[in-house]
Amino acid sequence: MRLTVWDPFREMAALHRAVNSLFRDSSTRGRVSYPPVELMDKGDSVVITAEIPGVNKDEVDLTVLKDTLTIAGEKRLPAEEGVTYIRHERPHGRFRRLIDLPYSVDQEKISASYKDGILTITLPKAEEAKPRQITVE
Amino acid sequence: MAEEKKELTEDARRIVPPVDIYETDNDVILVADVPGVTKETLSLNIEQDELTIRGTFEKKDNGGDKLIDECVYGEYHRTFTLGDLIDQGKISAKLENGVLTLTLPKHEKVKPRKIEIETE
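Taken in order, these protein sequences are the chains called A and B.
Position 125 (the first sequence) corresponds to 125 in our numbering; numbering is contiguous.
Position 106 (the second sequence) corresponds to 106 in our numbering; numbering is contiguous.
It is possible that part of the hints are untrue.
Computed list of lysine-lysine pairs in DSSO-like fashion (alpha-carbon distance at most 27 Å, straight line) [what the hints assert, rightly or not]:
hint: 1; chain 1: B; residue 1: 90; chain 2: A; residue 2: 109
hint: 2; chain 1: B; residue 1: 94; chain 2: A; residue 2: 130
hint: 3; chain 1: B; residue 1: 90; chain 2: A; residue 2: 57
hint: 4; chain 1: B; residue 1: 109; chain 2: A; residue 2: 115
hint: 5; chain 1: B; residue 1: 106; chain 2: A; residue 2: 115
hint: 6; chain 1: A; residue 1: 75; chain 2: B; residue 2: 60
hint: 7; chain 1: A; residue 1: 115; chain 2: B; residue 2: 114
hint: 8; chain 1: B; residue 1: 109; chain 2: B; residue 2: 39
hint: 9; chain 1: A; residue 1: 115; chain 2: B; residue 2: 111
hint: 10; chain 1: B; residue 1: 94; chain 2: A; residue 2: 109
Label pairs and their in silico Cβ distance ranges [to be verified]:
hint: 11; chain 1: B; residue 1: 107; chain 2: A; residue 2: 76; range: 27 to 37 Å
hint: 12; chain 1: B; residue 1: 114; chain 2: A; residue 2: 65; range: 51 to 61 Å
hint: 13; chain 1: A; residue 1: 89; chain 2: B; residue 2: 69; range: 21 to 31 Å
hint: 14; chain 1: B; residue 1: 40; chain 2: A; residue 2: 47; range: 30 to 40 Å
hint: 15; chain 1: B; residue 1: 83; chain 2: A; residue 2: 112; range: 16 to 26 Å
hint: 16; chain 1: B; residue 1: 40; chain 2: A; residue 2: 136; range: 31 to 41 Å
hint: 17; chain 1: B; residue 1: 83; chain 2: A; residue 2: 66; range: 46 to 56 Å
hint: 18; chain 1: A; residue 1: 107; chain 2: B; residue 2: 68; range: 39 to 49 Å
hint: 19; chain 1: A; residue 1: 59; chain 2: B; residue 2: 83; range: 46 to 56 Å
hint: 20; chain 1: A; residue 1: 94; chain 2: B; residue 2: 38; range: 49 to 59 Å
hint: 21; chain 1: B; residue 1: 66; chain 2: A; residue 2: 112; range: 15 to 25 Å
hint: 22; chain 1: A; residue 1: 102; chain 2: B; residue 2: 82; range: 41 to 51 Å
hint: 23; chain 1: A; residue 1: 76; chain 2: B; residue 2: 75; range: 36 to 46 Å
hint: 24; chain 1: A; residue 1: 33; chain 2: B; residue 2: 112; range: 34 to 44 Å
Just so you know, these hints were derived from the structure itself, not from any lab.
All C-beta atoms, glycine included, are put in the ideal place defined by N, C-alpha and C.
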């Protein structure tokens, strides 16, 4: 038989979490920064993908300064004048996100593509940051 | 049976796409963010008065270490109930840059009409 001690504070903490998640879902949808990104270390390069559906390719501004990548742009409302909004859940407005790169990158070789609302940025690592195999003799 | 159900939910995460819905004189426009969805992986169904949007955002994982992980992959799924004012036979859809735009035309009889006053 196991004896469990009822800890009222633990339940309080659970309630606290539940209430917090309620608020998070309603207003900011749990997103601290926009856009949501994924960063993959592929050995020779770093690949960043960002979800920016509905953003025009020409309105995305990508800059790399030292080891920081900045993704900036604007997500516009689908219609502004003469319409009545019944529901408005999609985020809109200007955004700017700074991402610290884990490695030095070769600034000349950065490439980016945009498809189906997903921005993919490939940043080849600088020579000195590439992994190297050392042979033991 | 229960096991099967469990597997289904673990296979793909369900994502509820955020939407904007607005009304013009002639139409109701529904705009949904579905990043990563292509024409091939999107499906739209109308059954009775229920409009269902489904789409898949597939993970193209070709190796590497994930250092930041905020993108959610899985299945987009959301259902809306269409009111009487929508002409279901005339609904059209467009998918562009990860955004689905549905144009739901209103029935002729519910469109606002301007009545001309004739003068003699």
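Here's how the hints hold up against the structure:
For the given pair, residue 90 (chain B) sits about 48 Å from residue 109 (chain A) by alpha-carbon distance, which is inconsistent with the 27 Å threshold. In summary, the hint linking residue 94 (chain B) to residue 130 (chain A) is not supported, as the alpha carbons are separated by about 43 Å, beyond the 27 Å threshold. Between residue 90 (chain B) and residue 57 (chain A), the direct Cα distance comes to roughly 31 Å. Violation of the 27 Å bound is thereby established for this hinted pair. The suggested pairing of residue 109 (chain B) with residue 115 (chain A) is violated, with an alpha-carbon distance near 40 Å, which exceeds 27 Å.
Taking the CA atoms of residue 106 (chain B) and residue 115 (chain A), the gap is near 32 Å; set against the 27 Å cutoff, the hint is violated. Of the pairs offered as hints, the one joining residue 75 (chain A) and residue 60 (chain B) holds, with about 25 Å between alpha carbons and a cut-off of 27 Å not exceeded. The straight-line distance between the Cα atoms of residue 115 (chain A) and residue 114 (chain B) is roughly 43 Å, outside the 27 Å bound, and the hint therefore fails. Restraint check for residue 109 (chain B) and residue 39 (chain B): the C-alpha separation of about 33 Å exceeds 27 Å, so the hint is violated.
Taking the CA atoms of residue 115 (chain A) and residue 111 (chain B), the gap is near 37 Å; set against the 27 Å cutoff, the hint is violated. Restraint check for residue 94 (chain B) and residue 109 (chain A): not satisfied, since their Cα atoms lie roughly 35 Å apart, outside the 27 Å limit. Remark: the range hint 27 to 37 Å for residue 107 (chain B) to residue 76 (chain A) is upheld by a beta-carbon distance near 30 Å. Distance hint for residue 114 (chain B) and residue 65 (chain A): a CB-CB separation of about 57 Å, consistent with the stated range 51 to 61 Å.
Roughly 23 Å separates the CB atoms of residue 89 (chain A) and residue 69 (chain B), a value that falls within the hinted 21 to 31 Å. For the pair residue 40 (chain B) and residue 47 (chain A), the supplied restraint of 30 to 40 Å is violated, since their beta-carbon distance comes to about 23 Å. Take residue 83 (chain B) and residue 112 (chain A): their Cβ atoms lie about 43 Å apart, and the range 16 to 26 Å is violated. Between residue 40 (chain B) and residue 136 (chain A) the beta carbon distance is about 49 Å. The supplied range of 31 to 41 Å is therefore violated.
Remark: the range hint 46 to 56 Å for residue 83 (chain B) to residue 66 (chain A) is upheld by a beta-carbon distance near 55 Å. Here the CB-CB span from residue 107 (chain A) to residue 68 (chain B) is close to 20 Å, at odds with the stated 39 to 49 Å. A hinted range of 46 to 56 Å is violated for the C-beta pair residue 59 (chain A) and residue 83 (chain B), which are about 35 Å apart. Checked against the given bound of 49 to 59 Å, the beta carbons of residue 94 (chain A) and residue 38 (chain B), roughly 28 Å apart, lie outside it.
For residue 66 (chain B) and residue 112 (chain A), the hinted distance range of 15 to 25 Å is satisfied, since their beta carbons lie about 19 Å from each other. Distance hint for residue 102 (chain A) and residue 82 (chain B): a CB-CB separation of about 48 Å, consistent with the stated range 41 to 51 Å. For residue 76 (chain A) and residue 75 (chain B), the hinted distance range of 36 to 46 Å is not satisfied, since their beta carbons lie about 27 Å from each other. Judged by the Cβ atoms, the range 34 to 44 Å given for residue 33 (chain A) and residue 112 (chain B) holds: they are separated by roughly 42 Å.
Taken one by one, the earlier hints fail for this structure at numbers 1, 2, 3, 4, 5, 7, 8, 9, 10, 14, 15, 16, 18, 19, 20, 23, listed in ascending order.
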